[in-house]
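Please take these sequences and the hints and turn them into a complete structure.
Chain residues, written in single-letter form:
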Amino acid sequence: MKQYILKRLGLSVITVFLVAVIVFFLTHILPGNVARQYLGRGATEEDLVEFRRVFGLDKPLLSQLFIWIKDLLQGDLGTSMQYRGPVADLLLPAIGYSSKLAGVAFFLIVPISIFGGVIAAMNRGKKIDRVITVGGLSAAVIPEFVWAIVLVLTVGVTFQIFPVTAFPEEGNRGVLNQIWHLILPSISLLLVLFGYIARIARAGVIEALESDYMRTAVLKGLSRKKAVTKHVLRNALLPTIAVIASQVPYLIGGLIAVEIVFNYPGFGTILKGAVDARDYAVLQSGVIISSLVIVGFQLIADILFALLNPRIRQKVSE
Amino acid sequence: MSETPTLELRNLEVAYTVRGIDRQVLRDVSFSIAPGEAYGLVGESGCGKSTAAFAAMRYLPRNGKITGGSILFEGNNIVDMSDGQVSDLRRSAISMVYQNPATALNPTIRVGDQVAEVFQLNGVSKSDALAMAEQALTRVQIADPIQVLRRYAHQLSGGMAQRVVIAMALASNPRLLVMDEPTTGLDATVEAEVLDLVRELRRDTGTAVLFISHNLGVIRHMCDRVGVLYAGALVEQGATADLFNNPSHPYTVGLLRCIPRGGLHKSTDRLDTIPGTPPALGTKFDGCVFAARCALAEDKCQSSQPQMVTIKGNHVARCFLSDKASSLPRSAEQIEFASQSATTAHEVGETLLNVSHLSKVFTQDGHQVRVINDVSLTLGVGETLGLVGESGSGKTTIAKLVLGLTAPEEGGVVSLDGKGLAKTLNRRDVHDVGAMQIVFQNPDQALNRRHSVTRIVGRAVERLRSFSVSESIDRAHELLSGMRVEATLHSARPVQLSGGLKQRVAISRAFAGAPQIVVCDEPTSALDVSVQAAILNLLVDLQKQDKTSFIFISHDLGVVRYISDRIAVLYLGRVVEFGSSQRVFNGPFHPYTEALLSSVPNFDGSIRKRIPLTGVVPSPSNPPSGCVLNPRCPRKAGSGYETLCETEEPNLTEVEPGHFMRCHIPVAKLKQLQS
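Taken in order, these protein sequences are the chains called D and G.
Here my numbering is used: the first residue of the first sequence is 1, the next is one more, and so on.
Here my numbering is used: the first residue of the second sequence is 1, the next is one more, and so on.
The hints are simulated quantities; they were obtained by calculation from the structure and are not laboratory data.
If you're wondering where the values come from, they're calculated on a predicted model, not measured in any experiment.
A hint or two may mislead.
[As the list claims (entries may be wrong)] Among chain D residues calculated to face chain G with C-beta under 10 Å, some are: (1) Ser211; (2) Thr216; (3) Val218; (4) Gly221; (5) Leu222; (6) Lys226; (7) Asn235.
Just so it is clear, CB atoms sit at the ideal spot from N, CA and C, and this is done for glycine as well.
Structure representation (structure tokens):
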């Protein structure tokens, strides 16, 4: 098992490294003279040279890459061109905010989606099944920022049930109030991801319901309800875990859009600002951090999957 | 019978709803099982055997429902019971064992917890339940129950898993045990052990058993009374010996004749088949359900439904012509053949395939596993070589080595017509590839579902014989027609065909390149006996026509005996006996062959003393020293050769002309021990 985790970890490190290299080259082959853009038309040639020297843009491309990665490894995320301050100061608080939103969203999405899928599977072919599967898919085809706007306008503005901003006002930032403010943005993410996760959970449960071991359980004399909770769920939810992990990139992508609509000072908002301002240092580090998160979740999902499935657990520990 | 039967089905009618229409699966089925009695149900697939079994548990598929009649358990109708009451019964009084033990166990829960669950359901605490689970496993003769309790399903062999399932079924001390094909898919030796176990447990507990099997030999050995199902109707019923010795319904007669029973051989006998196919689910009948396929059928059979008539005692048959049933004419093919066989005596030509010193080593988890160890065999023109042995003995691996699907170790040579072949398929030229083809067990998986039958066969012709597309299609049609796949089906896709037809397509495909050798890997194992007989007949015809040679792999020793000229018996990747079909089956036997043959339940009812192989098949990664069979050998003890057996591996030596054995005990001594 330890070997398996180490192997996975190694692969994750390689993935992140490749992402770093690709991101670096992508941002550096983008057209436009960075220095000129920041300093404006009036800048003198000396100003431009000075700017390039400060940000290391005068060095050969490969050594820029080398320096950047070396700095990254030391925890130095670089200097923001826009704010002229350390990127870390900008990104870290934003990541904190985003984690809060992602956490609330995750705790809303996962149980509700799985529960929906299980209910649909148990009532296969009935009306409730159709409502869940068709409804889930229909909701998923509408992008989260559209949902966000619709939700703001309806339950936020018209009915005034939920606050329309995701961030409470100063002096009123208790934990519960913060969560309360994050529910509406989370719902817009839920609407998009529910369909996928519920569908996979449904498929897993149906497969397990029709399995021979489920039949064994029922013929042993277990009531259907007990047989489902004891014998079906664990087997059925194995594939669901993998799917949830694979949805993390969507969740992050969704976060960016939703944060902007709700004017929430998270990672997405910062990243969008960086794109607008062509702040490469922030952009590069932002992408690296999100790739770390995605790869990390994939790793967690793989390990969980192995832990829950004795067949894989055995194989990996041999 | 004055006492209340344990189970009684009274005029039971079951229907499945398919596309909104109710289709009847069981028609007016009535039978009863007394306490302690074993009742067998036989019939081809789709005749309603399993439906009857599951109905007895009141467990029908989602689209199944009981449309009439009653199911009485000890006099109480379980059709009318609430779900809770039925659960109570399943918990305490009726249990079931079924096919595929490996999937019947939950893959993510330890075996022990699953067995203990039964006790817990009856109100025992978790720790007590685990202790009782240990006893339950001991009861089904699992040697190290504590070990097994901690395992997961995938860590058990098939036989072990079935023991666990049986242990679970017996845990509640049921008064009725329903067994649906409990040994199908298990090796002959394991099957014999499981059946012995069931018999012993039955003797100890007096449980009534409803036993379902397509294997008539198993039924004959296990059951007191037998019922024959056809198209969902019970067509004959009686005490086992009466029914087998004096079958009185034409269907039963036909079924019994299909089986390649002891002593039949392709050179002298052609297998009978039952013409036609079983009716589709839910077909409505005016007359007898079997009339359409019955060679005896008269006008009244088509128009009115026969009642059960008494043959003798409680032996009954649902047939107007039951007294004539045994004179059921043999199928047309038979007559045609009889005239042929007089003129063409079967003989084996010169050596075609020469396999020498084949070995194969797999690396598994860092261990070297020698799955094939120095196998040398020959195959003549127009000859059939049978490969038999338990699973894991290397039958399929040898086939793969010969075909070049996997490369042998250094020193192994496969030569065809005196010419050495490249080790792997992709280095062999088109001619060599076409010369050796394979027919698999499961045509569903071997045929491309998206292609038409013509395309599947035509494509093979095109590749193997470099024909143009139109020529290939013509040749494909010829081949298919030759295999009796009607022209109307040539544009069909595999999914539209029955299992037998699919296998005919697979055989056509194998014959596309005009092969000299066809490897048949369990080609009839997934088929009903009547279809099996037709396929075996077809293979024999093809062999006669084209002088094709076969390598025939099957776990069904009756089938192998029927079709093979010579047989190689394999154990742990070694040939332990090699000789003519006659020699191998009539003895003197290698001790392993002897045990293997004795494990087959004989369908003619003759009692053969079983010679058990003790212990489990050793892992090829760590074979025993000396003779690989020695720890399990039934003849080692007292033979006087014990030390030699345990220290030195015997060579394959010619003990009689053309009969080879790998055994230290001299053949004369074996003969004496076996007489």
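Run the structure past the numbered hints and jot down the numbers of the failing ones, going up. Per hint list: zero violations.
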